[in-house]
Structure formats: structure tokens, C-alpha cells
Amino acid sequence: MIDIIATLGPVGTDSHIQAARVGSTVSLHSTFHAAIEHAKKFRTGLLVPAGFREDRDGKQFSWVDFHFEYLDSFELQSVWFEKTLPMGLLHKSYDSIALHPSTCSLITDLDAYKEIKYTRSKVDAYQRYSQGEVASVLASTSMFNQIFDQPYIKSRFNPTMVWCLYRTLTCLT
1 MIDIIATLGP VGTDSHIQAA RVGSTVSLHS TFHAAIEHAK KFRTGLLVPA GFREDRDGKQ
61 FSWVDFHFEY LDSFELQSVW FEKTLPMGLL HKSYDSIALH PSTCSLITDL DAYKEIKYTR
121 SKVDAYQRYS QGEVASVLAS TSMFNQIFDQ PYIKSRFNPT MVWCLYRTLT CLT
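Its first residue numbered 1, the sequence shown is counted upward by one per residue in this note's numbering.
Among the hints, erroneous ones may be present.
[Claimed, not checked] Calculated pairs, DSS-like style, for lysine-lysine (alpha carbon to alpha carbon, straight line, at most 27 Å): (1) LYS41 <-> LYS59; (2) LYS83 <-> LYS41; (3) LYS83 <-> LYS117; (4) LYS41 <-> LYS114; (5) LYS154 <-> LYS59; (6) LYS114 <-> LYS92; (7) LYS59 <-> LYS40.
[As the list claims (entries may be wrong)] Derived CB-CB ranges, DEER-like: (8) LYS41 <-> ALA20: 32 to 40 Å; (9) SER155 <-> HIS67: 24 to 32 Å; (10) LYS83 <-> PHE42: 17 to 25 Å; (11) SER78 <-> ILE147: 34 to 42 Å; (12) ASN145 <-> ALA112: 19 to 27 Å; (13) LEU169 <-> GLU82: 22 to 30 Å; (14) LEU71 <-> ASP111: 18 to 26 Å; (15) VAL162 <-> LEU110: 30 to 38 Å; (16) ALA34 <-> CYS104: 32 to 40 Å; (17) GLU75 <-> ASP111: 35 to 43 Å; (18) ARG43 <-> ILE17: 21 to 29 Å; (19) GLU69 <-> LYS114: 29 to 37 Å; (20) GLN77 <-> GLU37: 33 to 41 Å.
Note that these hints are calculated values from the structure, not bench results. Each residue gets a CB set at the ideal place from its N, CA and C atoms; glycine is no exception.
Based on the sequences and whatever the hints tell you, model everything.
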């Protein structure tokens, strides 16, 4: 067991839940890039889902990019698969949608939305929806308001995610 594991927050993300299962302390970060930098600096473990995708300097950065770019800094320690938290698409209109970049492949008609707002987590996506910033959202159903959101559930998803736990390598300088 790794004592400290850095991963994507906030509390309640799939990454947070998985990290808590394998580490005694979880260090949550607003982006995977921040989690990577934290793990390098403090030599902690790092949990990355294989579906990870985020914008870095205007370009998509994914698990594959991370895995090969950081070969000198991290070593894959273990891999497992687990269902994500159940997700749902709340759809009021095609005006706008908030979602995490890693989930965009689940929405087959994503191009129909006039505005797509990518967020740092499904938690952030749902917050935008609940504050009225967007008309639709893809988020974990555990966040849904069971009374007000129920009529807008268009689709449900419960995919399996591959989880990759890394350890930091000793610097050889």
C-alpha cells in the first residue's frame, strides 16, 4: 500500500474513491497535471484512470501521453478495472452541455449541442448545471437531485474504467 496517492479531486470523483481504496491518504488536485506535479515533488503515488483526458496548453493530453512522457519519473505499479460511479445525461435542451473531456465519447449526439463546456471533473460539470450555467450535463447520478432532475434523465451509463497506480522513481542526478 502506498501511503499517499495524488489524483483528481474534488471529493466524490471516481479517482478520489479509487485512491481511497488503495492509499491511506489521498491528495486531491484540480487537474491531473497538478496531481502529477505534486506526486513528482513529494514522491507520492499517483492514480490515473486510463480514460483520463484534459486540455493542456490548448491541446488534448491523455493517459497515453502521460504514460510515455513521464517514463523517467513514474513507474506503473499496478493496474485494475472497476465500474465508475453510475452516470447520467440530464438533458433540457441542446443549448449547452457541461461534461468532463474523458466522458465526451459517451454522448453520441455531442455535436448537436450549441455550446460544449469541458470541466475539470464531473462534480464541476454538475455544479455548472445546478447553477443554471448550462442546459445539460453528464455527471454521476449520485449528485442528481432525485426530485428535480428525474424528468431530464435522457441516458444512463455505468462503464468500466481501467485504473493505473504509479510510483515515483528515484531521481538519478
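Here is what the structure says about each hint:
no. : hint                          : verdict
1   : LYS41 <-> LYS59               : holds (24 Å)
2   : LYS83 <-> LYS41               : violated (31 Å)
3   : LYS83 <-> LYS117              : holds (25 Å)
4   : LYS41 <-> LYS114              : violated (41 Å)
5   : LYS154 <-> LYS59              : violated (30 Å)
6   : LYS114 <-> LYS92              : holds (13 Å)
7   : LYS59 <-> LYS40               : holds (22 Å)
8   : LYS41 <-> ALA20: 32 to 40 Å   : violated (22 Å)
9   : SER155 <-> HIS67: 24 to 32 Å  : holds (30 Å)
10  : LYS83 <-> PHE42: 17 to 25 Å   : violated (30 Å)
11  : SER78 <-> ILE147: 34 to 42 Å  : holds (41 Å)
12  : ASN145 <-> ALA112: 19 to 27 Å : holds (25 Å)
13  : LEU169 <-> GLU82: 22 to 30 Å  : holds (26 Å)
14  : LEU71 <-> ASP111: 18 to 26 Å  : violated (35 Å)
15  : VAL162 <-> LEU110: 30 to 38 Å : violated (23 Å)
16  : ALA34 <-> CYS104: 32 to 40 Å  : violated (21 Å)
17  : GLU75 <-> ASP111: 35 to 43 Å  : holds (39 Å)
18  : ARG43 <-> ILE17: 21 to 29 Å   : holds (23 Å)
19  : GLU69 <-> LYS114: 29 to 37 Å  : holds (34 Å)
20  : GLN77 <-> GLU37: 33 to 41 Å   : violated (19 Å)
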